[in-house]
Structure formats: C-alpha cells, structure tokens
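Peer 1: So you can see what is in the structure, the chains are spelled out below.
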Amino acid sequence: EAQVTQNPRYLITVTGKKLTVTCSQNMNHEYMSWYRQDPGLGLRQIYYSMNVEVTDKGDVPEGYKVSRKEKRNFPLILESPSPNQTSLYFCASSPRTSGGNEQFFGPGTRLTVL
Amino acid sequence: SQKIEQNSEALNIQEGKTATLTCNYTNYSPAYLQWYRQDPGRGPVFLLLIRENEKEKRKERLKVTFDTTLKQSLFHITASQPADSATYLCALDGSGNTGKLIFGQGTTLQVKP
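Protein sequence lines, in the order shown, are assigned to chains E and X. Following this note's numbering, the numbering of the first sequence begins with 255 at its first residue and continues without gaps. Following this note's numbering, the numbering of the second sequence begins with 492 at its first residue and continues without gaps.
A hint or two may mislead.
Stated by the list, open to error - Some chain X residues judged to face chain E by a derived CB distance under 8 angstroms, without partners named: (1) Gln525; (2) Arg533; (3) Gly534; (4) Pro535; (5) Phe537; (6) Leu540; (7) Leu580; (8) Gly590; (9) Lys591; (10) Leu592; (11) Phe594; (12) Gly595; (13) Gly597.
What the hints assert, rightly or not - The calculated DSSO-like cross-link candidates involving lysine-lysine, where the alpha carbons are at most 27 angstroms apart (straight line), are: (14) Lys311/E <-> Lys494/X; (15) Lys319/E <-> Lys272/E; (16) Lys591/X <-> Lys325/E.
Derived by calculation from the structure, the hints in this document are not laboratory data. Keep in mind it's a predicted model, so treat the numbers as computed, not measured. All C-beta atoms in this analysis are idealised placements derived from N, C-alpha and C, irrespective of residue type, glycine included.
Start from the sequences and build out the full structure, keeping to the hints where you can.
Peer 2: What follows is the structure, encoded as structure tokens:
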C-alpha cells in the first residue's frame with residue numbers, strides 16, 4: 255500500500271532531550287516536507303526537500319534539523335526540544351518538485367515537550 | 492505582508508445544500524492553488540488543484556474556482572452530505588514553484604442531516 259509513515263505517533267519528552275521523528279514513503283517520491291499544526295495557526299512548513307541531499311527552510315525552521323540521505327526517508331530532528339515545540343507534526347511527500355503535485359500526508363506525530 | 496486567509500468561523504449548512512468556502516490571499520502570485528480535506532486527528536487529504544491559467548475545476552460534487560484578479564479561490568461542495576463534515580484547507584505555492592507550500596488555517600464545515 256502506497257503510504258507515508260511516521261514514528262512515533264505520540265511522544266512525551268522533556269526539555270533538552272534530543273529526539274528524532276522518522277518519516278518514510280514507499281512511493282519513490284522526489285519531494286518531502288515537514289509541517290507543524292497548531293490551533294489557530296494552521297499548518298506551517300518547517301523544512302522541505304526537493305531530492306536526496308537537497309533541503310531547504312520553510313516558514314518555521316528554527317529549532318529543527320532535517321536530512322535526506324535516501325529518497326524514501328526524511329527524519330525530523332529536534333536537538334534540544336523546548337515546550338514551544340509541542341505540536342502536531344505531519345510529514346508529506348509528492349511525486350515531483352514542480353507543477354503543484356498533490357501532497358500525500360502521513361498520519362501525524364503528536365509531540366509534547368514538558 | 493503576505494497572507495492566506497480562510498474563514499475561521501465554522502460553516503454550518505443543511506444536508507443537500509451547496510457549501511461554499513473561501514480562500515483569499517495577499518501579496519502572493521501563486522502558480523497554483525490546492526484544496527485539502529482534514530478530519531480530526533488525521534493528515535490532510537488532497538482534493539483538487541487549480542492552476543493560475545484555469546478558471547474552474549470540477550471533480551464529482553466538488554468545484555473550485557480561481558480568480559487571480561480578486562486573489563481568491565472558492566471551493567464548492569454541491570448536494571452536501573453529513574460525511575462531508577471536516578476541515579478544508581487551501582494551500583498555494585509560496586515562492587515561484589520552489590516547493591514552499593503555504594496553507595490557510597482551514598474552515599470547518601458541518602453538514603447537518
């Protein structure tokens with residue numbers, strides 16, 4: 255089944271403890287992206303990747319890192335999480351980088367930073 | 492400043508009626524605009540894409556219009572059903588087709604039987 259998977263789905267952690275949220279897609283998509291969703295603020299793009307080894311900042315990249323070493327994986331790294339990073343995170347992928355192709359979203363990761 | 496705005500108030504309509512949702516943007520020149528559906532606790536699901544040179548796009552009971560002069564897109568659901576109840580998000584390319592996608596806050600639609 256074609257899908258985007260994220261792990262973990264739920265995570266409660268403490269301030270400063272490094273964490274990684276994994277994202278994987280099995281559709282051979284070039285484009286992948288991370289978003290956070292907060293009440294009243296909607297979906298905001300954190301980072302995106304047009305292809306392997308190519309990443310770029312979205313609107314809210316501070317406090318996050320990403321890497322794209324393989325086409326299928328796009329992990330989101332929080333080196334030193336803070337409470338303001340408590341949010342619902344979505345990973346998404348798209349077949350190509352241009353032309354407005356539809357994005358396929360993962361199920362989401364609910365992160366709480368205490 | 493750049494903005495993309497959807498009506499933050501929930502839209503309540505009766506089953507069978509047409510729902511119309513609005514997406515307005517300021518200081519963007521998008522090459523395309525997309526609409527997604529999001530159910531509580533789930534990721535958004537793509538519905539329709541309309542490009543800047545298209546006035547209207549249809550898919551079954553869904554219709555999207557795109558007016559680059561008014562800087563507005565309208566999303567219509569005809570013959571609405573309770574199963575259409577969800578939050579609907581519009582999104583546009585933030586900077587010249589580079590992969591930067593900007594989402595509106597979404598409008599929640601409630602269809603009552």
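Peer 1: Now tell me if each hint is right for this structure.
Peer 2: Hint-by-hint comparison with the structure:
no.	hint	in the structure
1	Gln525	holds, 6 angstroms
2	Arg533	holds, 7 angstroms
3	Gly534	holds, 3 angstroms
4	Pro535	holds, 5 angstroms
5	Phe537	holds, 4 angstroms
6	Leu540	holds, 5 angstroms
7	Leu580	holds, 7 angstroms
8	Gly590	holds, 5 angstroms
9	Lys591	holds, 6 angstroms
10	Leu592	holds, 6 angstroms
11	Phe594	holds, 4 angstroms
12	Gly595	holds, 6 angstroms
13	Gly597	holds, 6 angstroms
14	Lys311/E <-> Lys494/X	holds, 18 angstroms
15	Lys319/E <-> Lys272/E	holds, 11 angstroms
16	Lys591/X <-> Lys325/E	holds, 19 angstroms
Violated hints for the displayed structure: none, as all numbered hints are satisfied.
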